[in-house]
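Protein chains: 2
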Amino acid sequence: MNLPKNVRIVEVGPRDGLQNERNPLPTAVKIEFVNALTRAGFRDIEVSSFVRADKIPQLADASEVFAKIERRPGVRYWALVPNEKGFEAAQSAGVGHIAVFTAATDGFSKANVGVGMEESIQRLSPVLSRARAAGLPVRGYVSTVFGCPYEGKVDPQAGPRVARRLLDMGCEEISLGDTIGVAVPADIHRVLDQTAAAQIPFAQIALHLHDTRGTALANVLAGLERGIAIFDSSAGGLGGCPFAPGATGNLATEDLLYFLQGMGIETGISFDETARASAGIASLLGHPLPSRARAAWASTQNSAVRW
Amino acid sequence: MNLPKNVRIVEVGPRDGLQNERNPLPTAVKIEFVNALTRAGFRDIEVSSFVRADKIPQLADASEVFAKIERRPGVRYWALVPNEKGFEAAQSAGVGHIAVFTAATDGFSKANVGVGMEESIQRLSPVLSRARAAGLPVRGYVSTVFGCPYEGKVDPQAGPRVARRLLDMGCEEISLGDTIGVAVPADIHRVLDQTAAAQIPFAQIALHLHDTRGTALANVLAGLERGIAIFDSSAGGLGGCPFAPGATGNLATEDLLYFLQGMGIETGISFDETARASAGIASLLGHPLPSRARAAWASTQNSAVRW
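Sequence order for the protein chains is H and V.
Per the numbering used here, residue 1 is the first one in the first sequence, and the count goes up by one each step.
Per the numbering used here, residue 1 is the first one in the second sequence, and the count goes up by one each step.
Looking at chain H on its own, in the form it has when it is part of the complex (with noise of 0.2 Å):
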C-alpha cells in the first residue's frame, strides 16, 4: 500500500465538538481540554468559534479561553470567524490561525448561515482580505460537499468549485467535509477526482469526515490511498452538527489515531494522552463519548494485553 507516511491531525473537538454539545463546559475546563490536546501532541487545534453568543452560547467565552490556554511553540491554535466583527474580536484575543466557512449547497448554507452559497462566499472576502494584511493563514471549511440534509446527493463538482475559489480568495487549507456522515469511498473518490480536475493540489486538502454511518475510516483509507495526508477529527467523537437532522458524530481522534497507528503512519500524537483529554470532559457532557476506540481503549485499560 502506497499511502503518506505522516498524516496531519486538525484537533477540532474545542470548538466543532463542544459547539454541538448540548451542555455548555466551565470555561476553566476547556482551557483544560486545550492544554491537555496540546500535551498529547497536536500541532492543529481549533479552540473556539468568534460567533454571536446568542447563536452559539457553548462558545461565548472564546476570548478567555484564548487568553487562558498554554500556548506551546509550533502548534497552531485556530479560531473559526464567520464574518469582520467575529476576525476583529478574533484578533483582539490574539488569534494567529483563522478559519473561515461555507457550504456546497444552498439549502445547507441558507439553514446555517441565512444566505445562499454564493453570497456566504462573498461576505467573506473582506475576512480574507483582512487576515491577508495581517499575515494571518487562513483554513476554509466547505460543508455538505458529500451529501447535504435539504439537498441529497450533491455533485461533486461543486465543492471543490467553492474550494477553487476559497484558494484564490487566499486560503491556505480546505477542509472539505461530509457534514452528514454519508460518503462512502466511492465519493471520496468521485471528489477527488473532481478536486484534481479543478487544479488544486492535494497537499492543501484536509477531510473532515463523520462517522454517523460507520464509514469514516473506510473514507479516511480512500484519502490516504489518494495522497491526502490531512484530516479533521474531534477527541472522543464529540459533537454533530445542530443544522443537520440526524448528523451525529465527528470522526473520533481516538479512532483515527488507534487506524493511523496501526497502519504505521505518524501523526506525533499520543493515543493514551489523547484519551485522557477527553476524560476530563467525559462526566460533563451528560452522555458517552461516541468513540469506539477509546471505549474499547478504556474497557482494557486493566486487561494483560493492551492494543
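Mixed in with the good hints there might be a few duds.
Where chains are identical, the list cannot tell them apart; a pair therefore holds if satisfied intra-copy or between any two copies.
Said to hold, decoys possible - Straight-line Cα separation of at most 25 Å, SDA-like style, residue types lysine to any residue; simulated pairs: (1) Lys-85 x Arg-165; (2) Lys-5 x His-189; (3) Lys-5 x Ala-134; (4) Lys-85 x Pro-73; (5) Lys-55 x His-97; (6) Lys-153 x Ser-270; (7) Lys-153 x Asn-6; (8) Lys-153 x Gly-264; (9) Lys-153 x Gly-94; (10) Lys-68 x Phe-202; (11) Lys-5 x Asp-193; (12) Lys-85 x Val-113; (13) Lys-153 x Ile-265; (14) Lys-153 x Gln-261; (15) Lys-153 x Glu-266; (16) Lys-5 x Glu-225; (17) Lys-68 x Gln-122; (18) Lys-153 x Asp-272; (19) Lys-153 x Thr-267; (20) Lys-153 x Glu-273; (21) Lys-5 x Lys-153; (22) Lys-55 x Leu-3; (23) Lys-110 x Gly-135; (24) Lys-68 x Ile-31; (25) Lys-110 x Pro-126.
Keep in mind that the hints were calculated from the coordinates and are not lab data.
Starting from the known structure of chain H, arrange chain V on it as the hints suggest.
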C-alpha cells in the same frame, strides 16, 4: 476501483449476535427475526447453535427455532455445532448447513472451549466426517486471526494455517475472524497475503469483522480491494464476544449494507427490511443497537431527504 460487483453477506445476528446478548429473547421473537431476515433477502443466515444449554442458555431453543422458521428455497440456514453431540442434535432438527469453529491462538481456544488449538481442530474431525457423509456443507470459523485478548498480536500465518487444515478436512468456506476488533487494513493485507501463500482461493474466504474500534468498514474495503466477496455481519450490530474482554460489536449489517450500496455493489438485500427486522428485537435487549447506519436511518425516517 476494481472491486467485486456482488457480495454475499452471511447474517450472523440470530446466532453470534443473540448468543452474546445478556437478555435471552422469547423463541417466537427469534423465529420472527429469522423470518424477517429471510424476507429482507439474505441467502445465508446463521440461525442458532447446538451447544450445551447450561453454557449458552440464550440459544437453548435451537431445535424449536429450526422447526418453526419459514425456510425459503435457496436460502441457507446455518447452525453452529461444537462437537458430534451438537451435530446429532442439528441433524435431528433438520439443519442442512453446518458451521464449526476453532481459533488461531491457544489462549483463546482454551478460554473458549477448554482445550488448545490443536485438540480443538482434532475434535472437529468426526463432525466434518459425518457432515461429509451426510452431504452437508460445512463452514469453518477461525477466531482471533488478527489479535487475541490473551496473547496479543497474532502471527498473520496462524489463521491461514488453520484455515488450510479446515479446508483439507472438508470445509467449503472459511470465515477469518477479527474477534476483538483490532485489525486495520494493513493487517487484512498481511493475513490475505498469507492466505494466498497457503494456496487458499479467496473465493473460499469470508471476513468476519468486529467494529470494536471503528475499523470494520475500512477493513471491508481492504478485503474488497483484494477480491474478498463474502462478509459476515450482524443485524443491528447485535452481539460481541463474551470471552473477549472489551469486545463489543460485530460489524452491523446495516452499516455494511449502506456501505456496499453506496459503492454500487449488489447484495440482493434490502436495507430498510433489515433495519425493520432488527427493530423487532431492539426493544427487548435493554440497550440501543450499536449500528450507526441504522440509527441514522431511524432518525431520518421522517425527514424530507432520505439516504
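Hints, verified against the model:
1. In this assembly of identical chains, the alpha carbons of Lys-85 and Arg-165 lie at most 25 Å apart only when taken from the same copy (22 Å versus 70 Å across copies).
2. Proximity of Lys-5 to His-189 under the C-alpha cut-off of 25 Å is found in both arrangements, the shortest distances being 20 Å within a copy and 17 Å between copies.
3. For a Cα distance limit of 25 Å, the shortest separation of Lys-5 from Ala-134 qualifies neither inside one copy, at 33 Å, nor across copies, at 53 Å.
4. When the C-alpha separation of Lys-85 and Pro-73 is checked against a cutoff of 25 Å, the pair qualifies neither within a copy, at 27 Å, nor between copies, at 68 Å.
5. Only within a single protomer do Lys-55 and His-97 lie at most 25 Å apart by alpha-carbon distance; the minimum there is 22 Å, versus 59 Å between protomers.
6. In this assembly of identical chains, the alpha carbons of Lys-153 and Ser-270 lie at most 25 Å apart only when taken from different copies (20 Å versus 37 Å within one copy).
7. For the identical chains of this complex, Lys-153 and Asn-6 are inter-copy neighbours only, at 24 Å across copies versus 32 Å inside a copy, given an alpha-carbon limit of 25 Å.
8. Taking the shortest Cα distances, Lys-153 and Gly-264 sit within 25 Å of each other only across copies (15 Å), while inside one copy they are farther apart (34 Å).
9. Proximity of Lys-153 and Gly-94 under a CA criterion of 25 Å is satisfied in neither setting, with 40 Å inside one chain copy and 47 Å between copies.
10. In this homomeric assembly, Lys-68 and Phe-202 never come within 25 Å of each other (Cα to Cα): the closest approach is 35 Å inside a single copy and 57 Å across copies.
11. Taking the closest pair of Cα atoms, Lys-5 and Asp-193 come within 25 Å of each other both inside a single copy (22 Å) and across two copies (22 Å).
12. In this assembly of identical chains, Lys-85 and Val-113 lie within 25 Å of each other by CA distance solely inside one copy; the values are 15 Å within and 67 Å between copies.
13. Taking the shortest alpha-carbon separations for Lys-153 and Ile-265, only the inter-copy value of 18 Å comes in at or below 25 Å, while the best intra-copy value is 32 Å.
14. For a Cα distance limit of 25 Å, the shortest separation of Lys-153 from Gln-261 across copies, 14 Å, qualifies, whereas the shortest one inside one copy, 33 Å, does not.
15. For the identical chains of this complex, Lys-153 and Glu-266 are inter-copy neighbours only, at 20 Å across copies versus 34 Å inside a copy, given an alpha-carbon limit of 25 Å.
16. Taking CA atoms no more than 25 Å apart as the test, Lys-5 paired with Glu-225 passes in both settings, with 11 Å inside one copy and 21 Å between copies.
17. With identical chains, the CA atoms of Lys-68 and Gln-122 are never at most 25 Å apart, being 33 Å at best within one copy and 66 Å at best between copies.
18. With identical chains, the CA atoms of Lys-153 and Asp-272 are at most 25 Å apart between copies only, with a shortest distance of 19 Å across copies and 38 Å within one.
19. Proximity of Lys-153 and Thr-267 under a CA criterion of 25 Å is satisfied inter-copy only: 22 Å between copies versus 33 Å inside one chain copy.
20. Taking CA atoms no more than 25 Å apart as the test, Lys-153 paired with Glu-273 passes between copies only; the shortest distance there is 22 Å, against 38 Å inside one copy.
21. Proximity of Lys-5 to Lys-153 under the C-alpha cut-off of 25 Å is restricted to the inter-copy arrangement: shortest distance 22 Å between copies versus 33 Å within a copy.
22. In this assembly of identical chains, the alpha carbons of Lys-55 and Leu-3 never lie at most 25 Å apart, being 41 Å within a copy and 46 Å across copies at closest.
23. Taking the shortest Cα distances, Lys-110 and Gly-135 never come within 25 Å of each other, neither inside one copy (30 Å) nor across copies (64 Å).
24. Proximity of Lys-68 and Ile-31 under a CA criterion of 25 Å is satisfied intra-copy only: 7 Å inside one chain copy versus 60 Å between copies.
25. Proximity of Lys-110 and Pro-126 under a CA criterion of 25 Å is satisfied intra-copy only: 20 Å inside one chain copy versus 68 Å between copies.
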